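Asker: Assemble the whole structure, with the sequences as input and the hints as a guide.
Going line by line, the protein sequences match chains A and B.
First residue of the first sequence: 6, per our numbering; consecutive thereafter.
First residue of the second sequence: 6, per our numbering; consecutive thereafter.
Watch out, some of these pointers could steer you wrong.
DEER-style ranges, computed between Cβ atoms [to be verified]:
| id | chain 1 | residue 1 | chain 2 | residue 2 | range |
| --- | --- | --- | --- | --- | --- |
| 1 | A | GLY193 | B | GLY187 | 37 to 47 Å |
| 2 | A | ARG231 | B | SER116 | 58 to 68 Å |
| 3 | A | ARG24 | B | LYS62 | 21 to 31 Å |
| 4 | B | GLY216 | A | THR7 | 41 to 51 Å |
Hints listed in this document are in silico derivations from the structure and should not be mistaken for laboratory results.
A quick note: this is a predicted structure, and the numbers were derived from the prediction, not measured.
Using N, Cα and C, we set each Cβ at its ideal position, and we do this for glycine too.
There are 2 protein chains.
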Amino acid sequence: MTNPTAAMIVIGDEILSGRTRDSNMHYLAGELTKVGIDLREVRVVSDDAAAIIAAVKALSAAHTHVFTSGGIGPTHDDITADCIAQAFDRHIDVRDDARALLAAHYARTGSELNAARLRMARIPDGATLIENPVSTAPGFTVGNVHVMAGVPSVFQAMVASVLPTLTGGKPLLSQTLRIQRGEGDIAGPLADLAQRYPDLSMGSYPFQLNGVYGANIVIRGQDGARVDAAMAELSALFPA
Amino acid sequence: MTNPTAAMIVIGDEILSGRTRDSNMHYLAGELTKVGIDLREVRVVSDDAAAIIAAVKALSAAHTHVFTSGGIGPTHDDITADCIAQAFDRHIDVRDDARALLAAHYARTGSELNAARLRMARIPDGATLIENPVSTAPGFTVGNVHVMAGVPSVFQAMVASVLPTLTGGKPLLSQTLRIQRGEGDIAGPLADLAQRYPDLSMGSYPFQLNGVYGANIVIRGQDGARVDAAMAELSALFPA
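Answerer: Here's what the structure looks like:
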């Protein structure tokens, strides 16, 4: 039996100009190797619609999975979602569930859900959302293309959400707790909890926004009752 | 006037498996930006002839320059030179000047120029050699494709050799002195020399092989007499 194959598309002028050094390729390569998916090709393309669409079409036709990073933020040069829609000939618009996620997030952080931020709720028809425990704005999967953020902490969290769904295992259930405490305060009790629930995975994704800092703790597992139990303990340790 | 465009092909399973983190892309991106060449696309491909040839053909047709890194060493999976020859429909064989470079290098270091090492002298017909002041085995240019090593110190030295020839300036002349002393001993006098020859560029490329260590010092400039003068001073400072 041969392994499924994958390709990655890194989207962003900042990588090609040398201003930013990409780290998502190396991270994804390591994660795919662990689960037996062969990464065969990576393309780094600029924030150019024709280049993105051509890469998506070529690579999604040639491989089992395609992963993209970058270009799903709120600014005018974040055109990845629209390009994916075009590549798959799908309609795209603001989607209610994605808008609700963003509305709740910005209400909590005291920022306005303005037109720019609402761009991050534009999702092609028929897509499945990818959870973003770091900064809420979701990624999505269309066909065999998994569209994720370029910010490394968000990219890594999204990879953790998506990968288990691709490897034929039972789907993972997840719950997130937002804790407004420094990671240094969270780390000890969390390590304790993780040791008593070896069947669950627990991830800590720090955030810092408008002077508020803390971490989103994501607990993932196949058994919903176990995830509930661990989350109840965590909530008791860190009351809101 | 628009800038010339470039693409890069990173060749190597070790990057795609996550074992090695590529650093050449970020380095080249920065160097190209400095000289006003727009890097538009990077492809990372595996040690697979069909993949390499397809990438070379597509990107050399679409861009002013293509830079490759990796796959020009002595082992069986180093197939880049043969793939480039195929992509450009050129004959390839061991070339006398490349063989002579390697023979002198291995004679000096006391290693045998065996069949594996001789592979590194395979050069497509009509190619121009690219100097390798670190470990001798040359890169080469065919058409608009510049074929360089994957080892970062060698890649960087080759970029320094090639770039000035692409930017329309007068061609750079270079001379190399091999010094069997630690870089720490060389650095002071070399900085002194560089200050007195601001019109020249002086690079230090450390090596370590079979317990012998030192650095190759490359002096580059447009004025041959100045390069000669600086090299004479350097040789006097570090007699063989």
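Asker: Now tell me if each hint is right for this structure.
Answerer: Hints versus structure:
1. GLY193/A with GLY187/B: 37 to 47 Å: holds, 46 Å
2. ARG231/A with SER116/B: 58 to 68 Å: At 60 Å between Cβs, range holds.
3. ARG24/A with LYS62/B: 21 to 31 Å: holds, 30 Å
4. GLY216/B with THR7/A: 41 to 51 Å: Holds, at about 44 Å.
Consistency with the previously given hints is maintained throughout, with no hint failing.
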